[in-house]
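Asks: Take a look at the letters that make up each chain.
There are 2 protein chains.
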Amino acid sequence: MVYRLILSYNGANYAGWQRQNNAVAVQQRLEESLERLLVRPVRVHGAGRTDAGVHARGQVAHFDLADPFPLQGLIHGTNRSLPPDIRVLAAERMCARFHAQKSARAKSYSYRLIESPLLSPLDAPYAMALPRPLDLAALRQASALLVGRHDFTAFALAGGGHRDPHRRILATSWNRQGSRLLFRVVGDGFLRGMVRSLVGTLIEVGQGRRTVENIRWLLSGEPRSQAGPTAPAHGLTLERVFYPPGLRVARQGHAW
Amino acid sequence: MVYRLILSYNGANYAGWQRQNNAVAVQQRLEESLERLLVRPVRVHGAGRTDAGVHARGQVAHFDLADPFPLQGLIHGTNRSLPPDIRVLAAERMCARFHAQKSARAKSYSYRLIESPLLSPLDAPYAMALPRPLDLAALRQASALLVGRHDFTAFALAGGGHRDPHRRILATSWNRQGSRLLFRVVGDGFLRGMVRSLVGTLIEVGQGRRTVENIRWLLSGEPRSQAGPTAPAHGLTLERVFYPPGLRVARQGHAW
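If you're matching them up, the sequences are chains A and B in order. Take 1 as the starting number for the first sequence in this note's numbering and just add one per residue. Take 1001 as the starting number for the second sequence in this note's numbering and just add one per residue.
Certain hints may be false.
Claimed, not checked - Computed, partial: chain B to chain A, Cβ under 8 Å: (1) Tyr-1009; (2) Ser-1120; (3) Leu-1122.
Stated by the list, open to error - Label pairs and their in silico Cβ distance ranges: (4) A:Ala-23 x B:Ser-1225: 47 to 57 Å; (5) A:Gln-20 x B:Arg-1216: 58 to 68 Å; (6) A:Pro-223 x B:Pro-1117: 44 to 54 Å; (7) B:Asn-1013 x A:Asn-175: 27 to 37 Å.
Unchecked claim - Beyond 12 Å from chain A on every Cβ pair, some chain B residues (computed): (8) Arg-1040; (9) His-1045; (10) Leu-1130.
Treat the hints as calculated values from the structure; they're not laboratory data. Yeah, the Cβ is synthetic: ideal placement off N, Cα and C, and Gly gets one too.
Just need the whole structure built from these sequences, with the hints factored in.
Replies: Structure representation (structure tokens):
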């Protein structure tokens, strides 16, 4: 039986989603908690890696289990032994062909910025500080150019291991509330470090240090060195993973 | 010379604002950092206590200093030795009669609630979880009754040490965004534990377990036992302290 978990975590204390040899990853903590609950080895598969320090509100992972297990028990039993900065928010039984990564059709990310040189400790762990306000109209113009299928080589961290640098961006948006800026992006997939490189480069557009047209040029497969810096990990949150309908097993009369 | 600091802190790791004998308070950490910077004993006076676990975005404190000190140096020098969950956001020179507590005319607080039994680790440190949605119209009706001068005995924690239980509430508001509820209240002063007791009691109105009219009755000096529970500290934030104009020393030509 295939189970899907929706997870949220504060990435501050983790080396990212994926298991590492010499640092604690979210995947490892989740597997340990599931193994404690289910009393057997469990291997979970995530919808995608998040880098060290990146947060998640709706990371998705799946695992296989020979016997059925009640969904509420799965949620609460796993949370009982997870550290408080990782939480299972939902559990569902999926059909056998569901795979958290391979079945995913799109992902959305958000990036938080605050136009202030000095952040409140209530914001600092989740947002990048900007010494001066950005030009919102320029940010929106440049971000609109990202929509569509492009070669994102200029925005991929080296060592990402991708074969094809093309990805399709479905939507972008920038919202300002007082000194707070929120960037949202939805795409069918993202290269390693891509959202943070996009944000770091868009900031230069918002600062007037790079033209909107330069973004169009970067999307024609320019090397990473032509784009801006990688924005810090702690401003980034994986918000949601989207799947096609029909992969969930319809609820039976009983609790799972 | 009197200096005013505006402070923000995450209250999670502190026994509240006020110095304690056997637990670390924000006041103590701030005094230690100022003493390290100024190399003399410093006693700061806060606009008001915040209880253990309560957050602040705009706590205000003042202290006296015989010699002038550059404001930017005060901000950055203090922050250098403060723990990252406390930050000085601003510093100003005030006229000699300024007193952070006695000069304050009003304070505003916010309280965050999320209508979900299970919170993301990104929200859990700052919001109270509600298993079921509340009746927003009832919350608004009941909160409107708070505005004006009332006897808030029913909402004061025992041991608050107040002489007069009357306070004037200037404004209240409730906002919902998805599953998030934000309560804001501005008043000329608050008894100990008052905002949290108000929230705990208003929640019962929002759950249909207490009538709007009951709130009116509580405001006639009923005992604490008649009101609802005290909502958890971590949902509460001291947002801002208001002062009359004219207490600030006009900026001189130099840096302080």
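Asks: Hints first: check each against the structure and report whether it holds.
Replies: Hints, verified against the model:
1. Contact between Tyr-1009 (chain B) and chain A, as hinted, is supported at the beta carbon level, the nearest pair being about 6 Å apart and thus within 8 Å.
2. The beta carbon of Ser-1120 (chain B) is positioned within 8 Å of a beta carbon in chain A (closest approach about 4 Å), and the interface hint is therefore held.
3. Nearest Cβ of chain A to the Cβ of Leu-1122 (chain B): about 6 Å, under the 8 Å cut. The hint holds.
4. Separation of Ala-23 (chain A) from Ser-1225 (chain B) is about 52 Å and conforms to the stated range, judged on CB atoms against 47 to 57 Å.
5. In this structure, Gln-20 (chain A) and Arg-1216 (chain B) meet the distance hint of 58 to 68 Å, their C-beta atoms being roughly 59 Å apart.
6. For Pro-223 (chain A) and Pro-1117 (chain B), the hinted distance range of 44 to 54 Å is satisfied, since their beta carbons lie about 49 Å from each other.
7. Range check, Asn-1013 (chain B) to Asn-175 (chain A): about 32 Å between beta-carbon atoms, so the 27 to 37 Å window is met.
8. The non-interface label for Arg-1040 (chain B) is consistent with chain A: the shortest C-beta to C-beta separation is roughly 25 Å, beyond 12 Å.
9. With 12 Å as the threshold on Cβ separation, the claim that His-1045 (chain B) sits away from chain A holds: the shortest Cβ distance comes to roughly 21 Å.
10. For Leu-1130 (chain B), the non-interface assignment is confirmed: its Cβ lies about 15 Å from the closest Cβ of chain A, beyond the 12 Å cut-off.
The structure is consistent with each of the numbered hints, conforming to all of them.
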